[in-house]
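Number of protein chains: 2
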Amino acid sequence: MGSQITIAVDGMGGDYAPREIVKGVAQYASSHAGLSFIITGPKEAIEAELLLYPQIMNVEIVDAPEIIEMAEEPGRAVRTKETSSLVVAARLVKEGKADAFISAGNTGAVMAAALLICGRIKGIKRPAIGVILPHRSGKYVMVDAGANADTKPEYLPQFAVMGSVYAEQVLGLEKPRVGLLNIGEEAEKGSSFTKEAYKLMEDAPVNFTGNVEGREVFEGAADVVVTDGFTGNIMLKLIEGVGNMVFEQIKDGIRKSVVSKAGAALMSPVLNGLKRKSDPEETGGAVLLGINGVAIIGHGRSSSKAIVNAIRVAATSVENDVVGLIAQGVQNSG
Amino acid sequence: MGSQITIAVDGMGGDYAPREIVKGVAQYASSHAGLSFIITGPKEAIEAELLLYPQIMNVEIVDAPEIIEMAEEPGRAVRTKETSSLVVAARLVKEGKADAFISAGNTGAVMAAALLICGRIKGIKRPAIGVILPHRSGKYVMVDAGANADTKPEYLPQFAVMGSVYAEQVLGLEKPRVGLLNIGEEAEKGSSFTKEAYKLMEDAPVNFTGNVEGREVFEGAADVVVTDGFTGNIMLKLIEGVGNMVFEQIKDGIRKSVVSKAGAALMSPVLNGLKRKSDPEETGGAVLLGINGVAIIGHGRSSSKAIVNAIRVAATSVENDVVGLIAQGVQNSG
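As given, the protein sequences belong to chains A and B, one line each in that order. So the mapping is simple: this note's numbering equals the position in the first sequence, first residue as 1, plus 18. So the mapping is simple: this note's numbering equals the position in the second sequence, first residue as 1, plus 18.
Please note that a few of the clues may not be correct.
Intra- or inter-copy, both count: the list cannot distinguish identical chains.
Okay, derived cross-link-like pairs now, DMTMM-like style, lysine to aspartate or glutamate, Cα gap no bigger than 20 Å in a straight line [claimed, not checked]:
(1) K140 with D339
(2) K157 with D270
(3) K193 with E220
(4) K143 with D168
(5) K170 with E214
(6) K213 with D81
(7) K213 with E91
(8) K207 with E91
(9) K115 with E78
(10) K213 with D168
(11) K323 with D33
(12) K269 with E237
(13) K157 with E258
(14) K213 with E113
(15) K269 with E234
(16) K61 with D81
(17) K207 with E220
(18) K207 with E87
(19) K115 with D339
(20) K213 with E203
(21) K207 with E90
(22) K157 with E266
It is worth saying that the hints were derived from the structure and are not from the lab.
Given only the sequences and the hints, what does the whole structure look like? Please build it.
Listed below in structure tokens is the structure:
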């Protein structure tokens, strides 16, 4: 492998696997000759898809005949299906044969594979999911988007460290402003959970700028929004839900009127720009922070475009040593 | 008072008080001669505004020279400012001189006034804030939108009862489907809080249909969405924030292009319809459920339109005996 970056991609993860997965890898690989790719999955199935891109030289296949289904119990699936496309991809990272793995499969199973196979960075209390989301004039990282259903306040300073490294290295934000998601702006506001977390955040080795409310998040009040995994997951799904609803209703309204239809055609650059900005396919998926290796969780409905973006995030994370910098940051935080 | 309904309105609550408050009351009063209104506030200030509507006969003024400011500490303000417009409005309900009170002032102070002056319905563990929100094809009630920063699972069955009565009587939904906001659909999913709440909800005297995720909420998966006050308040602010962002960006995009501007003009019925649907001014504000009397918390930036909608919700709540039905529902739940 040397200094060359290798990215393992679970060829069977997601609703449109393997076709869209292989297509995404091929697209990215063709324009990034300096990167190597490994697609895991049943050899013939992947090979058949890969034949569509005969010019690609930097993609190989590692055979993995088993498949973990969306509804399977994560921990058990990962433990019992040792030759599944997901487990094989994670093991490539563990064995140093790949620097990152990407899967758009069963989210719980991807987390379980990352944790059980790659393991956590020394000193990390709990890995957490980071997602990149849009605000009015840019992007921010939200941590934890759902890795921990029950979060203790003492995990949050590490969430902040991991989110800061990610915002710096992947979004390119300097000295990212870290905000604690809360239901009031003042330090003494909030639940007993956020009050305790606030105090701990003040001592974290990050640029903590205080509480942020749900509304301010969209105004760009913070580069890193830290919250417990329950609230973070609710937030993620709400944002997706509101976005879908708004676009559905615009479409519905347009369908009902010829005049609106003409208007929509003229407005399409604006509507498309907005749709693109809020599209989960554009954000590169979720990253599992705190793992010994880069682990990217793609959306189950990932198309090739989503895979391309996930690869971009994975490659940037590896190039900028997100894992090493998190390890260092956690050590500094004692 | 007899069988006539009387609604007390805090004339000094909110950023645009007293002008917009009085205007809203006058608008509603002029088309609803069967209702009586009392506006509280400094007599001359309110009178000066009311002079603009000389034809209105069903609005009177009760003098209340003090004002509770937005930044004041709620409990202390309510206790010390006995002749404030808010406290006087709440006291009218307590004394049976009004059936409901509305204030667009300091939210914490409105809650404190309702609790300290009107008191809670017998058997209610914790009052909770209910808000009406839009989904793809209708509306739903979310409880608790922020009255309780720290919520125990055992409060949720009562939140469900209160939300169901409200959805039935104010939204006119029959046998409203109650969903528990959660990060997974199956009963065993979620945080330790939601797992415990789920079990208690199964025994509540409501039409409990299970967990709902953030995305499904916008698809109309439940008529009543029950959650803890922290998550509920985050949810409310996020929805407002996303909505604002989307409309800002549509406006920004339009400003940059003449073609888009033409498109937007043609599309304006669609955009305005959508804006109206997601406008907090249209939803009638938040209701504090579990109080001995109808208490409506208006948005701080309430215009006359928001006040009109708040009055409509207040009147409907009184006409349909929301308070009595909640008292009954709570008794039935043991």
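Quick rundown of the hints versus the structure:
1. Taking the closest pair of Cα atoms, K140 and D339 come within 20 Å of each other only inside a single copy of the chain (16 Å); across copies the shortest separation is 60 Å, beyond that limit.
2. In this assembly of identical chains, K157 and D270 lie within 20 Å of each other by CA distance solely across copies; the values are 17 Å between and 29 Å within a copy.
3. Proximity of K193 to E220 under the C-alpha cut-off of 20 Å is restricted to the intra-copy arrangement: shortest distance 15 Å within a copy versus 48 Å between copies.
4. Taking the closest pair of Cα atoms, K143 and D168 come within 20 Å of each other only inside a single copy of the chain (13 Å); across copies the shortest separation is 25 Å, beyond that limit.
5. In the homo-oligomer, the alpha carbons of K170 and E214 lie at most 20 Å apart both inside one protomer (10 Å) and across protomers (18 Å), since each shortest distance falls under that limit.
6. With identical chains, the CA atoms of K213 and D81 are never at most 20 Å apart, being 50 Å at best within one copy and 40 Å at best between copies.
7. In this homomeric assembly, K213 and E91 come within 20 Å of each other (Cα to Cα) only across copies, at 18 Å, whereas the closest approach inside a single copy is 35 Å.
8. In this assembly of identical chains, K207 and E91 lie within 20 Å of each other by CA distance solely across copies; the values are 12 Å between and 39 Å within a copy.
9. For the homomeric pair K115 and E78, the shortest alpha-carbon distance inside one copy (12 Å) is at most 20 Å, but the shortest distance between copies (80 Å) is not.
10. When the C-alpha separation of K213 and D168 is checked against a cutoff of 20 Å, the pair qualifies both within a copy, at 17 Å, and between copies, at 11 Å.
11. Proximity of K323 to D33 under the C-alpha cut-off of 20 Å is restricted to the intra-copy arrangement: shortest distance 14 Å within a copy versus 46 Å between copies.
12. In this homomeric assembly, K269 and E237 come within 20 Å of each other (Cα to Cα) only across copies, at 15 Å, whereas the closest approach inside a single copy is 26 Å.
13. In this assembly of identical chains, the alpha carbons of K157 and E258 lie at most 20 Å apart whether taken from the same copy (15 Å) or from different copies (18 Å).
14. Proximity of K213 and E113 under a CA criterion of 20 Å is satisfied in neither setting, with 42 Å inside one chain copy and 38 Å between copies.
15. Taking the closest pair of Cα atoms, K269 and E234 come within 20 Å of each other only across two copies (19 Å); inside a single copy the shortest separation is 28 Å, beyond that limit.
16. For the identical chains of this complex, K61 and D81 are intra-copy neighbours only, at 5 Å inside a copy versus 83 Å across copies, given an alpha-carbon limit of 20 Å.
17. In this homomeric assembly, K207 and E220 come within 20 Å of each other (Cα to Cα) only inside a single copy, at 15 Å, whereas the closest approach across copies is 32 Å.
18. Taking CA atoms no more than 20 Å apart as the test, K207 paired with E87 passes between copies only; the shortest distance there is 18 Å, against 43 Å inside one copy.
19. Only within a single protomer do K115 and D339 lie at most 20 Å apart by alpha-carbon distance; the minimum there is 16 Å, versus 69 Å between protomers.
20. Proximity of K213 to E203 under the C-alpha cut-off of 20 Å is restricted to the intra-copy arrangement: shortest distance 11 Å within a copy versus 30 Å between copies.
21. Taking CA atoms no more than 20 Å apart as the test, K207 paired with E90 passes between copies only; the shortest distance there is 14 Å, against 41 Å inside one copy.
22. For a Cα distance limit of 20 Å, the shortest separation of K157 from E266 across copies, 16 Å, qualifies, whereas the shortest one inside one copy, 24 Å, does not.
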